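A.B. asks: If you read the sequence shown in the working numbering, its first letter stands for residue 1, the second for the next number, and so on.
In short, the hints are calculated from the structure, not lab data. These numbers were taken from a predicted model, which means no experiment stands behind them. Take the hints with a grain of salt, since some may be wrong.
The calculated label-pair distances, taken between Cβ atoms and stated as ranges, are [unchecked claim]:
id : residue 1 : residue 2 : range
1  : L75       : D269      : 17 to 23 angstroms
2  : G240      : Y29       : 26 to 32 angstroms
3  : W211      : A43       : 22 to 28 angstroms
4  : R111      : P80       : 41 to 47 angstroms
5  : P83       : W211      : 46 to 52 angstroms
6  : A312      : A84       : 27 to 33 angstroms
7  : P11       : V158      : 42 to 48 angstroms
8  : Y29       : A159      : 30 to 36 angstroms
9  : D266      : P133      : 40 to 46 angstroms
Heads up, the beta-carbon is just placed ideally off N, CA and C, and yes, glycines get one too.
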Amino acid sequence: MTPAPASTLTPDIAARFAAVALGHVGREYPNKPGHVLAGPGDARTPAALHPAFHGSYDWHSCVHGTWLLARVLRLFPDGPQAPAIRARLDAQLTPATVAGECAYFDAPTARGFERPYGWGWLLKLADELAAFPERRWSEALAPLAGIIARRFAEFLPVAAYPVRVGTHFNTAFALRLAADYAEGARDAGLQTLLRDTALRWYGDDADCPAWGEPGGDDFLSSALIEAECMRRLLPPALFGPWFDRFLPGLAAARPATLFRPATVTDRSDGKIAHLDGLNLSRAWCLRALAAALGPDDPRRPPLRAAAEDHLAAGLPHVTGDYMGEHWLATFALLALEAGAAEDGPGKSS
Numbered sequence: 001m002t003p004a005p006a007s008t009l010t011p012d013i014a015a016r017f018a019a020v021a022l023g024h025v026g027r028e029y030p031n032k033p034g035h036v037l038a039g040p041g042d043a044r045t046p047a048a049l050h051p052a053f054h055g056s057y058d059w060h061s062c063v064h065g066t067w068l069l070a071r072v073l074r075l076f077p078d079g080p081q082a083p084a085i086r087a088r089l090d091a092q093l094t095p096a097t098v099a100g101e102c103a104y105f106d107a108p109t110a111r112g113f114e115r116p117y118g119w120g121w122l123l124k125l126a127d128e129l130a131a132f133p134e135r136r137w138s139e140a141l142a143p144l145a146g147i148i149a150r151r152f153a154e155f156l157p158v159a160a161y162p163v164r165v166g167t168h169f170n171t172a173f174a175l176r177l178a179a180d181y182a183e184g185a186r187d188a189g190l191q192t193l194l195r196d197t198a199l200r201w202y203g204d205d206a207d208c209p210a211w212g213e214p215g216g217d218d219f220l221s222s223a224l225i226e227a228e229c230m231r232r233l234l235p236p237a238l239f240g241p242w243f244d245r246f247l248p249g250l251a252a253a254r255p256a257t258l259f260r261p262a263t264v265t266d267r268s269d270g271k272i273a274h275l276d277g278l279n280l281s282r283a284w285c286l287r288a289l290a291a292a293l294g295p296d297d298p299r300r301p302p303l304r305a306a307a308e309d310h311l312a313a314g315l316p317h318v319t320g321d322y323m324g325e326h327w328l329a330t331f332a333l334l335a336l337e338a339g340a341a342e343d344g345p346g347k348s349s
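Please construct the entire structure, taking both the sequences and the accompanying hints into account.
C.D. replies: This is how it looks when you write it as structure tokens:
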């Protein structure tokens, strides 16, 4: 699934990504539930537990696979996959299926379910659906989006410290996705909370060495996703000085580890396959950060070159083994769209 030479999202690539997602968003098994059993009655099938999001191996992958489908449909409404995507969204996002998801989140055992990664992706999906002229999908998902937005509002004030790992628990990634929802929903309270939390967690960070990257099962760069989070949440006048302090060696391609794509040795191993996602998510961040810099900024060329290197390493492996295939196209889409974000800081998918 190698892209066009310019590494941009084309209708053909979008159609291929959509075909991949259609192959797993409704696929119930294999399934890895993140489910707490409070009693024998809680031993239920994935579809019974999660009427809307039981496919794609796990809940969060189903959510962001659904986001991919919605995003492709909005970008290419007349594409070859459009009828199948509409049918999938109609079957998946109904008042009844979403009510089942809300009931799951209402259980005491689900307080931390999918926190924060799945929370961020659910709000990202809600933001995408809200942009459609058809209101049925957005209106169906709205009750669950409201629950997740409230979960953020309850959790962030009591979270004294960020989580900086390169996996699902990374807090910067969740803030980054939630920011799109907060802006689209014009939720000023949530926007302020996200920005204030980011400043509290990351505002004093400087001279990031990135010496721990990559970890053996990372799919996020803890350094680059923090920078992308701050780019998204801070006005340029605040982000610029912060970025200068946080990664002061970028013009000289340092820290060097951020400029070298990760090596993936076994794509049938779900954890090792995360490293393909790391290459794609780094490309997304590198491109978005480069686009936020002025055209003559000496950091821009090395960032853009590193992004292309990471894309070249990750894009050929979006398909091939289900351990990666059920989620990698999402990060490939983020990376390819970020390549078009050349208009400075602000919202960028």
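A.B. asks: Next step is simple, just say for each hint if it's right about the structure.
C.D. replies: The hints, checked one at a time:
Judged by the Cβ atoms, the range 17 to 23 angstroms given for L75 and D269 is violated: they are separated by roughly 33 angstroms. For the hinted restraint 26 to 32 angstroms between G240 and Y29, the CB-CB distance of approximately 48 angstroms leaves it violated. The hinted window of 22 to 28 angstroms between W211 and A43 is violated, with their beta carbons roughly 44 angstroms apart. In this structure the hint that R111 and P80 lie 41 to 47 angstroms apart at CB holds, the actual value being about 42 angstroms.
At roughly 49 angstroms, the beta carbons of P83 and W211 sit within the given window of 46 to 52 angstroms. A beta carbon spacing of about 30 angstroms between A312 and A84 agrees with the range 27 to 33 angstroms that was offered as a hint. At roughly 45 angstroms, the beta carbons of P11 and V158 sit within the given window of 42 to 48 angstroms. The beta-carbon spacing between Y29 and A159, approximately 34 angstroms, falls within the hinted interval of 30 to 36 angstroms.
Evaluation of the 40 to 46 angstroms hint for D266 and P133 yields a pass: the beta carbon distance comes to about 45 angstroms.
In terms of the numbered hints stated before, the structure departs from hints 1, 2, 3, listed from lowest to highest.
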